[in-house]
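Protein chains: 2
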Amino acid sequence: MTTAKTGAKNAGIAILLVDDHPVVRQGYRRVLEHQDDFHVVAEADNAANAYRAFKSHQPDVVVMDISMPGASGLEAIRNIRARDADARVLVFSMHSEAAQVKAAFGAGASGFVTKGSEPAELIAAIRAVARGEHAMSDDVARVLAMDSLTPSKSALDQLGEREIEILRQIAAGSTKEQIASNLNLSTKTVQNYHYLIKAKTGMRTDAQLVRLAVECGLANL
Amino acid sequence: MTTAKTGAKNAGIAILLVDDHPVVRQGYRRVLEHQDDFHVVAEADNAANAYRAFKSHQPDVVVMDISMPGASGLEAIRNIRARDADARVLVFSMHSEAAQVKAAFGAGASGFVTKGSEPAELIAAIRAVARGEHAMSDDVARVLAMDSLTPSKSALDQLGEREIEILRQIAAGSTKEQIASNLNLSTKTVQNYHYLIKAKTGMRTDAQLVRLAVECGLANL
DNA sequence: ATTCCGTTGGGCAAATTTCCCGATCTGCAT
DNA sequence: ATGCAGATCGGGAAATTTGCCCAACGGAAT
Chain Y
4 MTTAKTGAKN
14 AGIAILLVDD
24 HPVVRQGYRR
34 VLEHQDDFHV
44 VAEADNAANA
54 YRAFKSHQPD
64 VVVMDISMPG
74 ASGLEAIRNI
84 RARDADARVL
94 VFSMHSEAAQ
104 VKAAFGAGAS
114 GFVTKGSEPA
124 ELIAAIRAVA
134 RGEHAMSDDV
144 ARVLAMDSLT
154 PSKSALDQLG
164 EREIEILRQI
174 AAGSTKEQIA
184 SNLNLSTKTV
194 QNYHYLIKAK
204 TGMRTDAQLV
214 RLAVECGLAN
224 L
Chain G
4 MTTAKTGAKN
14 AGIAILLVDD
24 HPVVRQGYRR
34 VLEHQDDFHV
44 VAEADNAANA
54 YRAFKSHQPD
64 VVVMDISMPG
74 ASGLEAIRNI
84 RARDADARVL
94 VFSMHSEAAQ
104 VKAAFGAGAS
114 GFVTKGSEPA
124 ELIAAIRAVA
134 RGEHAMSDDV
144 ARVLAMDSLT
154 PSKSALDQLG
164 EREIEILRQI
174 AAGSTKEQIA
184 SNLNLSTKTV
194 QNYHYLIKAK
204 TGMRTDAQLV
214 RLAVECGLAN
224 L
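Sequence order for the protein chains is Y and G. The numbering of the first sequence is this note's numbering, which starts it at 4 and goes up by one. The numbering of the second sequence is this note's numbering, which starts it at 4 and goes up by one.
Any given hint might turn out to be false.
No copy is singled out in the list; a pair is fine if it fits within one copy or between any two copies.
As the list claims (entries may be wrong) - In silico BS3-like links for lysine-lysine, alpha-carbon gap of 30 Å or less:
no.	residue 1	residue 2
1	Lys201	Lys58
2	Lys58	Lys179
3	Lys191	Lys179
4	Lys179	Lys203
5	Lys191	Lys201
6	Lys191	Lys58
7	Lys203	Lys58
8	Lys201	Lys105
9	Lys201	Lys179
10	Lys203	Lys105
11	Lys191	Lys203
12	Lys105	Lys58
Since the hints were derived computationally from the structure, they do not count as laboratory data.
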């Protein structure tokens, strides 16, 4: 029952949990705290709070679900890494699309584990990233391996980050005015992206774009 | 440590957990077993196993995530209810689409709680359905209430046969030229239908139309 | 330094959307 | 029969959007 107020660095691994679902978060917390060298020092339910919590708690490992409403979890990872290059972020995601995994590591994540993995895999991954290593669950490794074998599998590889974000919002059903407002762009720029995305991916209709986005794990339903 | 082999009915509430994500399932289990009148008597990770587990354990309440790979969770609910009309199934879902909620209750669910709810809401809902009542979390109630206010009831009821066919093809990704050709219409007529469908359903973008079509079972993926 | 690329937008003709309307062809009730 | 309601099919015209080009800027790579 060491409350680890001043400096828990010597004892165990201080963890920040980020997930927008309270029940799910509670669940992880209990699972993780069963390991007696783990201490969940803070929780957050969105990207902004995650960054704030990171600043004030300086956890050893951030365990983060990147599919959150509002600002992308990738944003949060970048913010955290910008502030502390030694920060360890372990992404804990529902999906395991190659593009998403790459994006996560590109943003500075140290690990990627899907929610379909066994608890033991999560725990092992947390220990690994705390040690400074990189880690990913078996299914993620398999997806990534398959992806590296195919030449142009994802279709998202050819899209820039902004383009992907706009594709996601289009697929989510947002109007271009909403997207422009969300991203602080002119509607004209959003239109241009919309055109560019269709040109790059070879899709002819918006419906095809939605299907593409869903296939790539950018959107659900 | 009562193993509840012969009859735990008198003591507490026997629960069957169904969710395809092991870590998530473990998490709920711990959260629920913190209530000392709850007993998680079995777990299942898909619809078929859920039905088998229900038969052999006869739980008081089944807590089920309906978004599982393979057979629909709705199928599982229907199977369970077909075998035991008194079975209580509480759906514990990621999303809270009005259509999904209705489908769940239509299949025989006694409650619907989203994973975004507070643990206390889940726990209260389990107690309620165990008592034979119906329960849903606040956000689900809000979504359902909003839905019942909109004139777009089932969304498809207000569409004619041709309109539905065109909506399906739009959702399938066909261009209006392809649709016109498929149905022997002028592209102009297809355009008019496209407009009409959006007007009738209240959808603003094609992406929203795709989602609507998918929700209504008109298109898959 | 220079080149490439992602991002942001302007411009403008061509295409599309958005509504409005009328014409058939049902079925159904008067 | 007659009429009425509604589904289906398209014309027309204004408003809007798309398709595609170009320009400017900052950052990363060379």
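Does the structure break any of the earlier hints, and which numbers would those be?
-> 1, 2, 6 and 7
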